[in-house]
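Trainee: Those protein sequence lines, which keep their order, are chains L and G. So for the first sequence, the working numbering puts the first residue at 119; every next one is plus one. So for the second sequence, the working numbering puts the first residue at -5; every next one is plus one.
Just so you know, not all the hints are guaranteed correct.
[To be verified] Coverage of chain G stretches by chain L, computed from C-beta distances (three or more under 8 Å per stretch; other residues unrestricted):
id : region
1  : 7 to 20
2  : 74 to 80
3  : 185 to 199
[As the list claims (entries may be wrong)] What follows is a set of in silico ranges between Cβ atoms, one per label pair, in the way DEER data are often shown:
id : chain 1 : residue 1 : chain 2 : residue 2 : range
4  : G       : GLY6      : L       : GLY126    : 39 to 47 Å
5  : L       : ARG224    : G       : GLY101    : 44 to 52 Å
6  : L       : TYR146    : G       : GLY101    : 56 to 64 Å
7  : L       : PRO255    : G       : SER49     : 32 to 40 Å
Read the hints as simulated data drawn from the structure, not as lab findings. Here a beta-carbon is modelled for each residue, glycine too, at the ideal position from N, C-alpha and C.
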Amino acid sequence: MPNLLARGLNAAAWVAALTVPFWLPNPYHLHVLIMAGIFAILALSLNLLLGYTGLLSLGHAAFFGIGAYASALLALRAAWPFAAGFGAAVVLAGASGWLIGRLALRLRGAYFVLVTISFAGVVSLVAVNWMELTNGPLGLPGVPAPALAGLSLATKRAAYYLVLAVAALAYGICRRLVYSRIGRAFVALRENEALAASVGVDGTRYLVLATVISAAMAGAAGSLYAHYTRFVSPEVFLFSYTVTMVIMVVAGGKGTLAGPLVGALLFTALPEALREAVAWQWQILAYGALLILVVFFLPRGIVPALAAWRARR
Amino acid sequence: MLALESVSAGYGRLAALRDVTLEVRRGELVCLLGANGAGKSTTLKTISGLLAPRSGRVVFDGEAISGLAAPAIVRRGIAHCPEGRRVFPYLTVEENLRIGAWTRRDGVAAELDAVVAHFPILGERRRQAAGTLSGGEQQMLAIGRALMSRPRLLLLDEPSLGLAPAAADATFRIVGDIRDRGTTVLMVEQNAYAALRMADRAYVMETGRITLAGAARDLLRDEHVRRAYLGG
């Protein structure tokens, strides 16, 4: 019976996700959903590291920003079509993930956190100061809207389906990975690296692999963001983006597949809902209070709490 | 089959092994005895590649394996069951077993069936998270996982540590069984009496050196061993 319930919920979520642009009256709400989709990709990407391998990347906004700048610059300066720029964003972000992984994973734990933070700091400084390339703090306006095979995806509705498709793909990749041999290695490394080494798992190799996949996914989200908002500035490197991703993953349920999706939807929609419901002075305060409540009452996150609740019934 | 030739190793500036020479022959069950900190676990780690020796050689099947990385050593047929937390608690029993066959690609399903046939309790708990097993079951899982790599030499670190007496006895029976089926075993064990009764030969370690070696039944009668490790 509970299996049937889960399947029903799953199907309902898919139907809702596929039809929402047609029954949502307010275009602004569709915009919020598009941003939630972009953040869902980011949260899925961070969850691969934080949830499955246990590595905390506090510079994840760097991979997002690299993807956004790569895609925007190639479109503006070299007139690359969207699909090619998107691919380049994924590859470039993945390559920087490889570099960071190789550097940071000589050691583990706090050292990885520090290297990712400093990497985000350095990339952000480059974006601010390399005026000729990035136009500095003024940013890059006029990024073309995404287009595929000559078909412009400039409308909100089209952008929504594009983001939905990439998010579904990212989810599918995470799912395949987590249930594979490689996914077992990630969890084994998180739980006990010495034991994993004793069965022959090459820790550094698989942690670097996780970092590359995660960074590439964040780069994809960056490319979507650049072409959807049509503007990229050094703000994409803000630490608050990373913090938002961490909140989404931890509150949604790290180490679960659905957790990042739930977290992304909830914590993108929440500030908007508060904006409509509460006077502006109280918005941040209410957001903070809700966050504390979630962490306090559902310390393992929303999805694991729901799963435990269902198992008890 | 396995020989350590004047192996020294350590952590940072601390020397944990000094000039250790020992030998394990095909089909034997050899025991390493000694107090805490004598270097027993370090010896196993040096063999399995988790720690690189500073000097000396580890030879397996006539080839030097010292300096090889752990995965390469597992592939050559040495499985190491480390002490302490023995299983991956959030992986299921089956996932724990499967990861034991990490370095192999083929015949994993057949090996899984063989291990489950050997330990029926693991079959019953197949889909359960390993962390929910009892201590004795976790030890069975750890040994089963080590067998998944089809080792020719099994390194066991304190298999009875923290287990209830009945579970410890069951574990020793399993170890004896594994030896009888043709797998060579090198075992570190605190319970010197039980270990010496089942082993063919034993080495005694003190502060990083081998201080005594011999047939297990001779060591059981040895005055020094009786006083130091068998409680009189």
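Trainee: Starting from the hint list further up, note which numbers the structure goes against and sort them upward.
Mentor: 1, 3, 4, 5, 7
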